[in-house]
Amino acid sequence: MFVLRQALRSSRVVLPATRPMSSSGPLVDLTVDGDGIAIMTLQRPPVNSLNLDLLKAINSSLDEVAKNKAKGMILTSASPTVFSAGLDIMEMYKPDLKRAEEFWSTLQEVWMKLFGSTFATAAAINGHAPAGGCLLAMSCEWRAMVSGKYTIGLNETALGIVAPTWFVDTMCNTIPVREAEFALTTGRLFTVDEALKVGLVDEVATDKADAIDKCKTFLKRFERIPSLARSLTKNRVRSGPVLRLQKNRQADIQEFLQFLQNPKVQQSLDMYIQMLKKKASK
Amino acid sequence: MFVLRQALRSSRVVLPATRPMSSSGPLVDLTVDGDGIAIMTLQRPPVNSLNLDLLKAINSSLDEVAKNKAKGMILTSASPTVFSAGLDIMEMYKPDLKRAEEFWSTLQEVWMKLFGSTFATAAAINGHAPAGGCLLAMSCEWRAMVSGKYTIGLNETALGIVAPTWFVDTMCNTIPVREAEFALTTGRLFTVDEALKVGLVDEVATDKADAIDKCKTFLKRFERIPSLARSLTKNRVRSGPVLRLQKNRQADIQEFLQFLQNPKVQQSLDMYIQMLKKKASK
Amino acid sequence: MFVLRQALRSSRVVLPATRPMSSSGPLVDLTVDGDGIAIMTLQRPPVNSLNLDLLKAINSSLDEVAKNKAKGMILTSASPTVFSAGLDIMEMYKPDLKRAEEFWSTLQEVWMKLFGSTFATAAAINGHAPAGGCLLAMSCEWRAMVSGKYTIGLNETALGIVAPTWFVDTMCNTIPVREAEFALTTGRLFTVDEALKVGLVDEVATDKADAIDKCKTFLKRFERIPSLARSLTKNRVRSGPVLRLQKNRQADIQEFLQFLQNPKVQQSLDMYIQMLKKKASK
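Residue numbers (our numbering), protein chains in the order written: chain A, 28 to 309; chain B, 28 to 309; chain C, 28 to 309.
Errors might be hidden in some of the hints.
Claimed, not checked - DMTMM-like, lysine to aspartate or glutamate: derived pairs with alpha carbons at most 20 angstroms apart:
no., chain 1, residue 1, chain 2, residue 2
1, C, Lys140, C, Asp90
2, C, Lys243, B, Glu206
3, C, Lys247, B, Glu206
4, C, Lys224, A, Glu230
5, C, Lys140, C, Asp56
6, A, Lys247, C, Glu206
As the list claims (entries may be wrong) - Far from chain A, some chain C residues (derived; all Cβ distances over 10 angstroms):
no., residue
7, Pro72
8, Lys176
9, Glu221
10, Leu223
11, Lys304
Treat the hints as calculated values from the structure; they're not laboratory data. These numbers come from a predicted model, not from an experiment. Using N, Cα and C, we set each Cβ at its ideal position, and we do this for glycine too.
Bound-form chain A, shown alone (with noise of 0.2 angstroms):
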């Protein structure tokens, strides 16, 4: 057709080379690399879980990351095995209404900067990514795993809970909706192999060090394409999801709070505990 490419890219900043963003705190580290590109790095240990301090943390950096206009994101792990465990049981067991409120909403925040973001975003997926831990990479442009004995997938149903609409729209946005019919119902945790055949993964990587490199590569993709036109054309993509929760927060995060006021949930959530406790003192 025609070719705006000049004007358009006259308008995006050139980052300087590797520096810390002012966002890196102790639960998220971000810093830029020489190609302007956004590595965002998870660092709660031991596990990622995602409390509302990691969310609020995730949150701000995402804001960061879109007010400096990086080039792209890429979302990894501090942890060796984990990406993230996905959300911390803790929020929600014996919850304080008003904390659980500010934390399923912050939750929407950060799927919404994040499934939605101007920027393009590539996932390091350095380990198992289970529930919010699919979640987040899912809601990537594109998916690099480490090979290994890691598994990713929203098993929420395996776990005795409901993935809400919005998790199941950004699985339909990734594989197959018979596809994710059946992972969803099943609670299905998917080896390396089987999320890459299914395409939940885009490639496999070595390392995480591989792993980055390959989301560099992705990301360098879009090096001569005008960021306003490629994000416009991201947004019409995916405008469907985010306009669908936007429309419909306040609904999904009262049916949350109902859910944590089941006693049966608590029950559940009070025997989980005690397990893992047990399992601690060994």
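Dock chains B and C against the given chain A, drawing on the hints supplied.
Chains B and C only, in chain A's frame:
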């Protein structure tokens, strides 16, 4: 994330082994095996044509399965060569409009209950499954088809009629939209191998017993999945098409009734029935 | 189910063999072969750039095909190397806004008529098909592409512009959403082999004649399908995106006009045209 398995599981009802449920009748046989899996067998000779009576029997059998909280349901046929030949032409030929309305309304209900069922479903397709037969099979969550010269597909177009929107939705939920459009517009009947390749069936079985075994293996994947979480998750994937028909039921019925009152349609039915009679008298 | 074939078929009109239809003109050649299949050949040298005149000619040719109840239509190009280069940049450079509005409105109409046509369609892609060229090809129901160093894709993003929502819908109707997002955001032009693999084209042909033959073979699959049933079924699969544009036509036009009035856009067009002139004068 966390485990609500025990609490939620306690609400499940264990069914007695292999006993006939109360709705077991001449047109549908309904039994429950030792694992609590219901087996619904269509048995309206010779080809399980879906007339009002058979649809009513399926409808009440689906209620029965839901009421008894079966662990899952397998749909199959008593015929050695036909799963179901689809809608019964005699319900449409020179119709009593009140009965025709009940006929179509019952078909809608059967589909909404089967496609959107809370219990897990699988089809053991032991013979031909054209048109409405294919619809029933696709409305289940999983399909095993017996190897042989059988075919399956929504071949309405080849017969000069138009599949309702919810038939189309059901196929698009099963195979890619590109394949669905091609199959629907050409009225394609897939061989067993073609159906397997496109994802219209999930596995090929050697005979009916093997097909049922394979369905059981599928359903047993839900053994450790709390049923409430599973059914709500299934609902999140499938509620769209069901809600669309619920909103549109009356218009959908009127469209069918107008179709029946088209003189050309009745003329074609007449010609077709004469042809069948001649064949039968040879 | 049952056969309405004869009754419905009687309403089809048999067209005389290989005669030019009345709209055959300098920009579009329209003929009907002995089997009643219309062949629409774009012939605006050198590269079938879609300006207002060519779009109008396509528009009235589509009306002609519909009016004459052709059994199907094959879209191809008179150029030996280009199917269509997409929208004509000169319609956007220093535009008369009234003409620009007519230009975009005509493009919308062409797409709605082609994507939602009652007659069956196939594209014999005998050369490059970027941007608007790819849109025309994808709007058909089936595609054969001539083997060679040709490419096809919605590469708008690579050119700094944004594909309209209905371009995105058309691609998501053809290939999986995951592939579509990746192709759209990277402005990917697929080689013939890549296009075949992802399902963007259905078969590879040795030359234009072979591509047309393959399209005919596809269209002949509808020979025994009553055309009313076929077209209504196609409509049920495709009406969603068409209705979306119908509701949104004025906003879509305004978006285009505002885009044209952006000084940066005009500056880029100017640079691009100067570059083309330099190339041409060498």
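Hint by hint, here is what the structure shows:
1. C:Lys140 to C:Asp90: holds, 8 angstroms
2. C:Lys243 to B:Glu206: The hint holds at about 19 angstroms.
3. C:Lys247 to B:Glu206: holds, 18 angstroms
4. C:Lys224 to A:Glu230: holds, 18 angstroms
5. C:Lys140 to C:Asp56: holds, 18 angstroms
6. A:Lys247 to C:Glu206: Since the Cα atoms of A:Lys247 and C:Glu206 sit roughly 18 angstroms apart, the hinted pair holds (cutoff 20 angstroms).
7. Pro72: Non-interface label on C:Pro72 holds, nearest chain A Cβ at 18 angstroms vs cutoff 10 angstroms.
8. Lys176: C:Lys176 is indeed farther than 10 angstroms from all Cβ atoms of chain A, at 20 angstroms.
9. Glu221: holds, 14 angstroms
10. Leu223: holds, 18 angstroms
11. Lys304: It holds; C:Lys304 is separated from chain A by about 14 angstroms at its closest Cβ, greater than 10 angstroms.
Going down the numbered hints, you'll see the structure goes against none, and every one checks out.
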